[in-house]
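Participant: Sequence:
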Amino acid sequence: MTSSQMLLTIFLFLLASPLPGAVLAAAGGDDGGHGHLTHIHLYVHETFAGPNATATAVVESPLGANSSFGSVGVVDDELRAGRDRSSELLGRFQGLIVGTGLQPGSGYLTSLTFVFTAGEYSGSTLSVHGPLLDFTGTIERAVVGGTGRFRMARGYSLTKILGNPTPETGVFEVDLFVLMHRGGY
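As numbered in my numbering, the sequence shown has no gaps in its residue numbers, which increase by one up to the final residue, 1531.
What the hints contain is simulated information worked out from the structure, not anything from laboratory work.
It is possible that part of the hints are untrue.
[What the hints assert, rightly or not] Computed list of lysine to any residue pairs in SDA-like fashion (alpha-carbon distance at most 20 Å, straight line): (1) K1506 with A1427; (2) K1506 with F1523; (3) K1506 with T1459; (4) K1506 with F1481; (5) K1506 with D1521; (6) K1506 with I1485; (7) K1506 with L1442; (8) K1506 with F1394; (9) K1506 with H1385; (10) K1506 with V1520; (11) K1506 with R1528; (12) K1506 with R1431; (13) K1506 with I1443; (14) K1506 with A1488; (15) K1506 with G1494; (16) K1506 with G1381; (17) K1506 with I1386; (18) K1506 with R1429; (19) K1506 with H1475; (20) K1506 with D1422; (21) K1506 with S1468; (22) K1506 with D1430; (23) K1506 with G1483; (24) K1506 with S1457; (25) K1506 with L1455; (26) K1506 with D1480; (27) K1506 with G1441; (28) K1506 with T1400; (29) K1506 with S1452; (30) K1506 with E1392; (31) K1506 with S1433; (32) K1506 with R1426.
[Said to hold, decoys possible] FRET-style restraints, in silico, Cβ to Cβ: (33) L1448 with G1494: 37 to 45 Å; (34) L1383 with V1405: 24 to 32 Å; (35) E1466 with N1412: 23 to 31 Å; (36) T1446 with E1514: 23 to 31 Å.
Using N, Cα and C, we set each Cβ at its ideal position, and we do this for glycine too.
Given the sequences, and given the hints that come with them, work out the whole structure.
Facilitator: Below, the structure is given as structure tokens:
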């Protein structure tokens, strides 16, 4: 049997197999697997100094103080409904930030999770992953999945640095655009 005949046989076998239909049905039912787009708007409140810090460096760069390469930071920030610190607490913003650029301040890799403990998405999480190339403008990251109401989610997040209400704190505005799976669980 030639290689082209073998490929044709495999193709016909896969075409006749019930597996592709089962995979398509599991991916989204009768809507073709597209789900629906959900927009979530919220704020991250970070404390980066003092006894109640929610963000800190845990490993300094092995290349010294003028480099971020190899450094590791962790965050456990507050996730709130509004810009004001007294707004409703919706959960936590937890994750890792790793220095990946050899040039000073040139790049970081972030792996972060929105942990919802109150509100409409209580008990669910959303995970985002992506680069942080600088601290100006809008930071875009990929939504790579989630749990609870966000199972099989995908999409993107846009984060803007709003400023520092105090010398020890920062506020970030986050817009999540999440394609949510319509299947029942």
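Participant: Hints first: check each against the structure and report whether it holds.
Facilitator: Do the hints match the structure? See the list:
1. At roughly 15 Å between alpha-carbon atoms, K1506 and A1427 fall within 20 Å of each other, so this suggested pair holds.
2. Proposed proximity of K1506 and F1523 is supported: the alpha carbons are some 14 Å apart, at most 20 Å.
3. A hinted pair counts as satisfied when its Cα atoms are at most 20 Å apart, and K1506 with T1459 qualifies at roughly 17 Å.
4. Restraint check for K1506 and F1481: satisfied, since their Cα atoms lie roughly 9 Å apart, inside the 20 Å limit.
5. Simply put, K1506 and D1521 have alpha-carbon atoms about 9 Å apart, close enough for the 20 Å limit, and the pair holds.
6. For the hint linking K1506 to I1485, the alpha-carbon distance of about 6 Å falls within 20 Å, and the restraint holds.
7. A distance of roughly 18 Å separates the Cα atoms of K1506 and L1442; the hinted pair therefore holds under the 20 Å criterion.
8. Simply put, K1506 and F1394 have alpha-carbon atoms about 17 Å apart, close enough for the 20 Å limit, and the pair holds.
9. For a cut-off of 20 Å, the pair hint linking K1506 to H1385 stands: about 16 Å separates their Cα positions.
10. This hinted pair checks out: K1506 and V1520 have alpha carbons roughly 7 Å apart, not beyond 20 Å.
11. For a cut-off of 20 Å, the pair hint linking K1506 to R1528 is broken: about 29 Å separates their Cα positions.
12. With a C-alpha separation of about 17 Å, the suggested pair K1506 and R1431 falls inside the 20 Å cut-off, and the hint holds.
13. A distance of roughly 17 Å separates the Cα atoms of K1506 and I1443; the hinted pair therefore holds under the 20 Å criterion.
14. Taking the CA atoms of K1506 and A1488, the gap is near 15 Å; set against the 20 Å cutoff, the hint holds.
15. Of the pairs offered as hints, the one joining K1506 and G1494 is violated, with about 26 Å between alpha carbons and a cut-off of 20 Å exceeded.
16. Under the criterion of a C-alpha separation no larger than 20 Å, the hint pairing K1506 with G1381 is inconsistent with the structure, at around 27 Å.
17. About 14 Å separates the Cα atoms of K1506 and I1386, which keeps this hinted pair within 20 Å; it holds.
18. Taken as a hint, the K1506 and R1429 pair is honoured in the structure, with Cα atoms around 12 Å apart against an allowance of 20 Å.
19. In summary, the hint linking K1506 to H1475 is supported, as the alpha carbons are separated by about 16 Å, within the 20 Å threshold.
20. Taking the CA atoms of K1506 and D1422, the gap is near 18 Å; set against the 20 Å cutoff, the hint holds.
21. A C-alpha spacing of about 24 Å is found between K1506 and S1468, which places the hinted pair above 20 Å, so the restraint is violated.
22. About 15 Å separates the Cα atoms of K1506 and D1430, which keeps this hinted pair within 20 Å; it holds.
23. Under the criterion of a C-alpha separation no larger than 20 Å, the hint pairing K1506 with G1483 is consistent with the structure, at around 7 Å.
24. Of the pairs offered as hints, the one joining K1506 and S1457 holds, with about 17 Å between alpha carbons and a cut-off of 20 Å not exceeded.
25. For the hint pairing K1506 with L1455, the CA-to-CA distance comes to about 17 Å; that is within 20 Å, so the pair holds.
26. For the given pair, K1506 sits about 12 Å from D1480 by alpha-carbon distance, which is consistent with the 20 Å threshold.
27. At most 20 Å may separate the alpha-carbon atoms for a hinted pair to count; K1506 and G1441 meet this at roughly 18 Å.
28. Restraint check for K1506 and T1400: satisfied, since their Cα atoms lie roughly 18 Å apart, inside the 20 Å limit.
29. A C-alpha spacing of about 18 Å is found between K1506 and S1452, which places the hinted pair at or below 20 Å, so the restraint holds.
30. Distance check on the hinted pair: K1506 and E1392 sit about 13 Å apart at the alpha-carbon level, within 20 Å; holds.
31. Under the criterion of a C-alpha separation no larger than 20 Å, the hint pairing K1506 with S1433 is consistent with the structure, at around 18 Å.
32. Under the criterion of a C-alpha separation no larger than 20 Å, the hint pairing K1506 with R1426 is consistent with the structure, at around 15 Å.
33. Between L1448 and G1494 the C-beta distance comes to about 39 Å, which sits within the given range of 37 to 45 Å.
34. The hinted window of 24 to 32 Å between L1383 and V1405 is violated, with their beta carbons roughly 38 Å apart.
35. Taken as a hint, the range 23 to 31 Å is violated for the pair E1466 and N1412, whose Cβ atoms sit roughly 45 Å apart.
36. Checking the proposed 23 to 31 Å range against T1446 and E1514 shows it holds: the Cβ atoms sit about 27 Å from each other.
Consistency note: the structure conflicts with the earlier hints numbered 11, 15, 16, 21, 34, 35.
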